[in-house]
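*Asks:* As a plain string of letters, each chain reads:
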Amino acid sequence: MERIKISVLSGKGGTGKTTVSVNLAKTLKESFYVDCDVEEPNGYLFLNPKIEYEKDVNVLIPEIDYDKCTLCGECVKACRFGAMTKLIKKILVFDHLCHSCGACYEICPYNAIREVPKKIGTIRKGKVDALDFIDGRLNYGEATGVPILREINKMVKDVAKPVIVDSPPGTSCSVVHSIEGSDFCMLVTEPTPYGLHDLDLAVQLVKEMKMPMGIVINKAGERDELIEEYSQKEGIRVLAKIPFKRELAQAYSTGKLLIEVDEEIKNIFERLAKDVLGLIEK
Amino acid sequence: MKVAVSSQGKTLESHVDTRFGRAQFFIIVDDETMDYKVVDNLAVAQSSGAGTKAAQTLLDEGIEALISSNVGPNAMEVFKAAEIPVYKAVDKDVKTNIELFKKGELEKITEPTNKGHHHHW
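From first to last, the protein sequence lines stand for chains A and B. The opening position of the first sequence corresponds to residue 1 in my numbering, with each subsequent residue numbered one higher. The opening position of the second sequence corresponds to residue 1001 in my numbering, with each subsequent residue numbered one higher.
These are calculated hints, taken from the structure and not from any lab test. Hints may contain errors.
Said to hold, decoys possible - Listing some non-contacts, in silico: residues in chain B with all C-beta distances to chain A over 12 Å:
no., residue
1, Gln1008
2, Gly1009
3, Phe1025
4, Asp1060
What the hints assert, rightly or not - Keeping only pairs whose Cα atoms sit at most 25 Å apart, straight-line, the calculated DSS-like set for lysine-lysine is:
no., chain 1, residue 1, chain 2, residue 2
5, B, Lys1002, A, Lys90
6, A, Lys86, B, Lys1088
7, B, Lys1037, A, Lys86
8, A, Lys86, B, Lys1108
9, A, Lys50, A, Lys29
10, B, Lys1002, A, Lys89
11, A, Lys89, B, Lys1080
12, A, Lys90, B, Lys1080
13, A, Lys127, A, Lys29
C-beta atoms are modelled at their ideal positions from N, C-alpha and C, and glycine is treated no differently.
The following block holds chain A by itself, in its conformation from the complex (with noise of 0.2 Å):
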């Protein structure tokens, strides 16, 4: 079986990208839940995966060997990212600027660069049930989760489960890679303005990417129109939507899934489910 990728992204943050992800991946029981939001990963909360191992991502930074280095900065010059600072006596390197492109170690004449590996983050692997679980962590203060996405990527690259991404917010770069290969995307939103905006962002990135998409609006209820206005003009199929309720908010406050609380909810995470997988499918 081809392996399926569902992904899960919003522009906007806060629409219910974690509470759409998490109940989608346990309605379809047997699926593979991935957590891509490295900066605030917050799946886990909801699911309590058992955590069978950890590992770190490594990233590779500039050091410089003095006893080769003529100061010709060459290498700050090659840095776009402003990570190195030419003074009088060194090269100044601000790891957490660095996106490690390599480019200083490339372009210097007296080789006078090693690349030294730097721990960013964390990826987590567990279960729970039938449900497989991975989730990434970024450390605080670094400059791009992306080497965490790609080595999450190889990770569920073979397996034979539904895989469900819960995207990080935006449509960033983390975004992108989170994403890529999504067989469908599902795009949550909220029936506000601002939710429509960033909506919009978020189409126009998955239109980009050439990708299949559907949206969800979550907290429905007093102004939907906005949204099924918009989706009726772009030609995208609204595939849910998960009512606005004080109950559904409180326990989500207390970590709970929204299916194991409201029957109405779980009937519709199964419709949803079934009608993605049929898209999948078509």
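Let chain A serve as the given structure and place chain B on it in line with the hints.
*Replies:* Here is chain B on its own, set in the frame of chain A:
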């Protein structure tokens, strides 16, 4: 002494730019003769690391002091390491700031004034 001032314009009458890394220009003034040189801040368009790039430009110009306002942690580290003192600009033109600097009336900054504007890639 060569003193750099972050500036919105290209003359001594220009208003200071309260930003450092993303200041439009730097005016490098000889505080004795009041001769000056205008440097375009190419780091303005930098999506990250603007502070360190701008600092490098000024180091290459051989400045001995900086007058600016919002100097972030990375740029501050560069100036500390290069032993270049940083002074807090008053919200007026470049010339006034140089005059206050000469009288020793500008406040010295030793800690970054903001936490940087980290951009998510």
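*Asks:* Report the numbers of all earlier hints that the structure fails to satisfy, in ascending order.
*Replies:* 4
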